[in-house]
Every structure is written in C-alpha cells, then in structure tokens.
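Line by line, the protein sequences give chains A and B.
Taking this note's numbering, I'd label the letters of the first sequence as residues 1 to 131.
Taking this note's numbering, I'd label the letters of the second sequence as residues 1001 to 1146.
Derived from the structure by calculation, the hints contain no laboratory data.
Remember, predicted model here, so these are calculated numbers, not experimental data.
Where a beta carbon is used, it is the ideal one built from N, C-alpha and C, also for glycine.
Please note that a few of the clues may not be correct.
Here are some, though not all, of the chain B residues that point toward chain A, as calculated from beta-carbon distances under 10 Å [stated by the list, open to error]: (1) Ser-1050; (2) Ala-1057; (3) Val-1059; (4) Pro-1109; (5) Val-1125.
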Amino acid sequence: MSDTALEKRVMTTDQPERTRSGRTYIPAVDIVEKDDELLLMADVPGAKAEGIDIQYERGELTLTARVDSRQPEQTNWLACEYGVGDFVRTFQVGEGVDAARIEAEVSNGVLTLHLPKAEAAKTRKIAVKTT
Amino acid sequence: MMYLQRIGRPLFPELRREMDRLFESFLGPEAAAPFGGLRPFPAVNLWEDSERVFAEAEVPGLRMEDLEISIQGNELAIKGRRPPMEGDKYVYHRRERGTGEFARFLTLPLDVDADRVEATLKDGVLTIVMPKAETARVRKIAVKSA
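Build the full structure now, drawing on both the sequences and the hints.
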C-alpha cells in the first residue's frame, strides 16, 4: 500500500459520546487508487445528502451518514436480518492527499469521495532521452 | 449464487444482532461482506400490519433496472446484479463492497395478492409492499350474546 492510501483506524471505546441515540454501523467501503486521485465508495443505504457529514481534522477523515428509522413504532416483525442506524467510519489520510480539494457526492445510497492526490504524490513519467 | 431461506419469527432478534456484531468485531467488516460473504445478500427485513406484509432490503448502488422482483405463490424472489467498477486504470486498496449477481428467495408466512404488490427504491433501500390475500387477513369475529 502506498503512503497515499487510507488506513482504517482501529475503532476504540474512547470515541467521543454521540448526541444521537441508537446503534451505529460501519459502512462497507471500496478504496480505489487512480492516476490522479483516490476514490472512496461507502455503502450508506437510507442516507440522504443532507444527512451526510464529512469531517477532516488532523489527518483523520470521518464519515457520518445519518439514517432515520424507517419502521413504524410498533413493528410486528416476521424476520429481522439487519438493523437500521447511522453509518460512521474513520480513516487516516496520508500526506499524499490534497485534503482541501476533497469532494463528495451521494447517489442511490452510495457515498463517493474524491480524494485528489497532492502534486508531490502523483506518479511522474520520466522521459528518457537518448544521447 | 442462490440462497434458500425459510423465514420464521426470530426468537431472539437482539441476540442475533449481538452475535453479528461480535463476529464483525473480530473478523472485521469484511466478514459481513455480501456476495460470497458469510451472509446472504441482500439482507431482508420483513414485517406486517393487519393488511400488508412489508419486505425491505438494502441494495446500495442499484437502480430499479438492476433488480428483478417476482412473487410466485408465497415465495418472494429478489434478484439483481451490481456491476463492477467501470474502466481499468485503477488499483483496489480495499474492497468490501460486493459485486456480481445475487438472488434471494424468501418464503412468506402467508399468502399475498401478487397483482397488487408495489416496490419502491429510494436511497439504496428497496421496499416491497404486499397486500395480504383475502384468505390470509385476520378477521374479527363478532360474538353474539345468546
């Protein structure tokens, strides 16, 4: 993994208290490196653009996607295979990412973050001259 | 990949979720990955009110045309495909989101009116509303005093 790659921070119990109650879930993510950027795609089904919060602080990128309950108050369950709640996940962002230019979009429950590589981290092709 | 699953009333849904979380906590979120992961995809929640049965599944990234939903008798089938990323000029550093074809078959605990089933897809959440068949509705029987 190159130094531009993101690494998941180990989730610990010393995380700050949350103001919203309820369970949180860790979204599944893909991290892909392209020539000029890293792409981070996170599955956040049920989240809308206005409920997504992306914070970058001291090299840490935290995604929070708010997901409101879709269930009636009294639910007569027949089967319950997954829970619904906010998605939260933190990544460490290396020096190689230009944090000021991070962009995000959400579509069909997938959050996509564009993390442009800093100039210094881009691969350069060195032309070899023949003499 | 096919999964056949009998739906019953979960006895201990909380315990089940706790177990899932436990597995996730020491195997990592990859353990819960769909498509070839340990769990069938998509996970489905099923509930009812007096007139309808509701099925809900999280299918992020899919559009309605990627999904095929059918009902035969009391068997609900959800099939679909999540295409892999386009292009070839990229390298994966982390890959937890499954791609490919999936099919899920659920046996509903009662008959539904297949002609009036409605499915909606919003923000990656699929909701299927199935009106109960006349025969499956609970009827209140008035008790006459003699």
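Verification of the supplied hints:
1. At about 9 Å, the closest approach between the beta carbon of Ser-1050(B) and any beta carbon in chain A falls short of 10 Å, and the interface hint on this residue holds.
2. Annotation: interface hint on Ala-1057(B) holds; nearest CB of chain A at approximately 9 Å, less than 10 Å.
3. Contact between Val-1059(B) and chain A, as hinted, is supported at the beta carbon level, the nearest pair being about 7 Å apart and thus within 10 Å.
4. A hinted interface residue such as Pro-1109(B) counts as satisfied when its beta carbon comes closer than 10 Å to some beta carbon of chain A; here the least separation is about 6 Å, so the hint holds.
5. With 10 Å as the threshold, the beta carbon of Val-1125(B) comes within range of chain A, its nearest partner Cβ sitting at about 5 Å, so the hint holds.
Hint compliance for this structure: no hint is broken.
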